[in-house]
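**Q** Sequence:
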Amino acid sequence: CQGRLEEVHRAFIIPSSSRENLVRGFTIINGWVRTAPEQEDYMAWGGAILCIDSSPVLEHCIFAGNRAQRGAAVAAHALADARRGPIISNCSFAGNWAMEYAGAIYCGASVWIDLDRSILWSNRAYQGNELAVDEGRDTRLRVNYCNVAGGLSGVYVPASAQASVLDWKDTNIETDPCFVDLGYWDQQGTPNDVNDDLWSLGNYHLLSEAGRFDAQAYSWVQDTFSSPCIDAGAPRKAGDPELCPHGHHTN
44 CQGRLEEVHR AFIIPSSSRE NLVRGFTIIN GWVRTAPEQE DYMAWGGAIL CIDSSPVLEH
104 CIFAGNRAQR GAAVAAHALA DARRGPIISN CSFAGNWAME YAGAIYCGAS VWIDLDRSIL
164 WSNRAYQGNE LAVDEGRDTR LRVNYCNVAG GLSGVYVPAS AQASVLDWKD TNIETDPCFV
224 DLGYWDQQGT PNDVNDDLWS LGNYHLLSEA GRFDAQAYSW VQDTFSSPCI DAGAPRKAGD
284 PELCPHGHHT N
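All you need for the working numbering is the position in the sequence shown, starting with 1, plus 43.
Just so you know, these hints were derived from the structure itself, not from any lab.
A couple of the hints might just be wrong.
Label pairs and their in silico Cβ distance ranges [what the hints assert, rightly or not]:
id, residue 1, residue 2, range
1, PHE69, THR218, 25 to 33 angstroms
2, ASN235, ARG126, 42 to 50 angstroms
3, TRP228, ASP274, 28 to 36 angstroms
4, GLY232, ILE56, 26 to 34 angstroms
5, PHE268, ASP181, 25 to 33 angstroms
6, ASP229, HIS52, 16 to 24 angstroms
7, SER207, ILE56, 23 to 31 angstroms
25 angstroms max Cα-Cα, derived DMTMM-like pairs, lysine to aspartate or glutamate [to be verified]:
id, residue 1, residue 2
8, LYS212, ASP157
9, LYS212, GLU252
10, LYS212, GLU102
11, LYS212, ASP240
12, LYS212, ASP274
Nothing here was measured: the structure is a model prediction, and the numbers come from that model.
Even for Gly, the Cβ is constructed at its ideal location relative to N, Cα and C.
Modelling step: build the complete structure from the supplied sequences, incorporating the hints.
**A** What follows is the structure in structure tokens.
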């Protein structure tokens with residue numbers, strides 16, 4: 044996206060008219076949105092994707108180095124339709140940065156988000172480095188078979204919120220996913236000015252003793268150890284869509 048202080052923008056706004064879109068296989072980096080006097084506050088949410096009264100499917104995507112007030116990568120807001128929100132699976136979130144809440148994903152009031160088989164690592168925010176949920180009564184964030192940095196400590200839930208707003212499954216883990224390369228913030232030669240920083244994209248394949256495909260070398264590479272996320276997905280999900288060898292089990 045190449046968003047900057049003087050030129051802020053995101054990849055997608057998905058409104059109610061496009062409520063069931065599919066976003067698959069995208070890598071979205073350096074999106075940046077911020078508060079503007081002429082806009083509603085929620086327009087400063089979702090540095091990569093903002094969902095408004097919609098339930099898109101987001102799968103097999105990478106979100107890295109995006110910035111926003113809330114939900115640096117993905118945020119969802121309800122204007123009229125309650126219980127709608129993105130269905131997210133097999134995505135990786137790394138290095139995203141929120142000024143307020145949710146370094147990766149923000150669940151607004153009256154929104155339902157399902158998050159499955161995804162990795163949220165090394166994101167940051169004022170509160171909720173990885174996830175945050177609104178205190179609204181009809182709000183739900185479901186997290187299942189995910190690797191979330193810090194576990195529950197990486198999730199912000201307001202003290203006044205009902206316990207049901209966060210549906211946290213015991214299938215989640217909190218351990219270094221062992222990406223090939225995490226990436227980093229490039230300070231652009233101005234270490235005292237974060238406004239011109241850009242994310243240098245890493246390699247979000249998982250280290251594997253069995254082997255992983257290196258697209259640049261167009262060959263298989265074997266590592267000295269394996270990521271704990273390999274074959275750690277839901278048992279009911281087949282690994283067949285992945286390149287062999289995949290152990291017939293999803294990551």
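**Q** Run every hint past the structure and note whether it holds.
**A** Results of checking the hints against the structure:
1. Take PHE69 and THR218: their Cβ atoms lie about 26 angstroms apart, and the range 25 to 33 angstroms holds.
2. Taken as a hint, the range 42 to 50 angstroms holds for the pair ASN235 and ARG126, whose Cβ atoms sit roughly 45 angstroms apart.
3. Checked against the given bound of 28 to 36 angstroms, the beta carbons of TRP228 and ASP274, roughly 32 angstroms apart, stay inside it.
4. For the pair GLY232 and ILE56, the beta carbons lie near 33 angstroms from each other, so the given range of 26 to 34 angstroms is met.
5. PHE268 and ASP181 have their C-beta atoms about 44 angstroms apart, which leaves the hinted 25 to 33 angstroms range violated.
6. Our hint of 16 to 24 angstroms for ASP229 and HIS52 holds, since their Cβ atoms are close to 19 angstroms apart.
7. In this structure, SER207 and ILE56 meet the distance hint of 23 to 31 angstroms, their C-beta atoms being roughly 28 angstroms apart.
8. Note on LYS212 and ASP157: the hinted pairing holds, with a Cα-Cα distance of about 12 angstroms set against a maximum of 25 angstroms.
9. Between the alpha carbons of LYS212 and GLU252 the distance comes to roughly 28 angstroms, so the proposed pair goes past 25 angstroms and is violated.
10. The suggested pairing of LYS212 with GLU102 holds, with an alpha-carbon distance near 20 angstroms, which does not exceed 25 angstroms.
11. Among the hinted pairs, LYS212 with ASP240 is inconsistent with the structure: their alpha-carbon atoms are about 36 angstroms apart, more than 25 angstroms.
12. Note on LYS212 and ASP274: the hinted pairing holds, with a Cα-Cα distance of about 18 angstroms set against a maximum of 25 angstroms.
When the structure is compared with the earlier hints, violations turn up for hints 5, 9, 11 and for no others.
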